[in-house]
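Colleague: This is what each chain is made of:
Number of protein chains: 2
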Amino acid sequence: MKLKAIGLVNSPFKLKKGSPHQGRFSNEFSTITIYKEYEEALEGIENFSNLIIIYWMDRAGPASLRVVPHGKTEKRGLFSTRAPVRPNPIGLCMVKLVKREDNILTVKWLDALDQSPVLDIKPFVPDIDCL
Amino acid sequence: MKLKAIGLVNSPFKLKKGSPHQGRFSNEFSTITIYKEYEEALEGIENFSNLIIIYWMDRAGPASLRVVPHGKTEKRGLFSTRAPVRPNPIGLCMVKLVKREDNILTVKWLDALDQSPVLDIKPFVPDIDCL
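Residue numbers (my numbering), protein chains in the order written: chain L, 1 to 131; chain P, 1 to 131.
Mixed in with the good hints there might be a few duds.
Any copy will do: because identical chains look the same in the list, a pair fits if it lies in one copy or spans two.
Unchecked claim - Okay, derived cross-link-like pairs now, DSS-like style, lysine-lysine, Cα gap no bigger than 30 Å in a straight line:
| id | residue 1 | residue 2 |
| --- | --- | --- |
| 1 | Lys14 | Lys2 |
| 2 | Lys99 | Lys72 |
| 3 | Lys17 | Lys96 |
| 4 | Lys99 | Lys16 |
Since the hints were made in silico from the structure, they are not lab data.
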């Protein structure tokens with residue numbers, strides 16, 4: 001199972017230190033540049049107010065099966081946390097789509113570090129993504 | 001960017017034909033068997049009523065940049081749909097956790113085909129995953 005980048009994040013978050021633990025709690029803007037070869041796949045995306053961005057957390061530390069979640073003091077199982085130190089460092093973030101200009105999406109709430117490879121974009125559909 | 005399976009889906013959906021286009025609209029149960037080497041990472045997962053399952057859609061067709069979404073008649077860009085024919089066939093499904101028995105999770109709403117490799121499990125957190 002091999003992945004290919006479909007685009008790249010440009011974000012104000014250059015380093016893990018100082019970056020938000022969840023993008024939702026930040027008002028910063030990021031852009032996602034989709035590679036030209038995939039631009040056609042963006043058609044219609046401007047009709048969605050929110051998107052789910054799947055990206056590769058290329059600077060996550062080695063996987064750890066038990067971690068202390070953000071703001072907690074005791075370790076628990078990794079899969080009951082959103083910590084980045086996962087066997088597959090796949091980042092998942094629901095964002096607000098601010099605008100699309102050709103192959104560049106401007107979004108809010110994205111917590112990816114600058115230059116993170118983007119793997120997939122799916123429209124956010126509350127009927128299936130939420131309770 | 002290489003992925004490794006952390007577990008395997010056992011599902012009543014053996015073939016694409018006849019499987020629900022979204023698991024949310026099905027009442028069938030599936031199980032996710034997490035490989036023993038990752039079992040420790042499940043600690044605490046039983047405290048979440050809902051999980052996000054990330055899996056590999058190993059039987060998805062070749063990527064297509066424009067597709068006709070389920071129930072529609074006109075093509076649009078792939079990234080504005082949830083169709084499986086993606087450059088990276090990463091499946092994403094919010095499910096209801098019914099029970100955990102050791103390394104086996106029983107869930108509802110999962111639309112993965114039987115024997116799909118599981119890549120990651122994240123707790124569903126409405127404050128960041130929903131509006």
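Colleague: Each hint: holds or not?
Modeller: Cross-check of the supplied hints:
{"no.": "1", "hint": "Lys14 - Lys2", "in the structure": "both (26 Å within a copy, 24 Å between copies)"}
{"no.": "2", "hint": "Lys99 - Lys72", "in the structure": "between (36 Å within a copy, 25 Å between copies)"}
{"no.": "3", "hint": "Lys17 - Lys96", "in the structure": "within (24 Å within a copy, 34 Å between copies)"}
{"no.": "4", "hint": "Lys99 - Lys16", "in the structure": "within (26 Å within a copy, 35 Å between copies)"}
Checked against the numbered hints listed earlier, the structure breaks none of them; every hint is satisfied.
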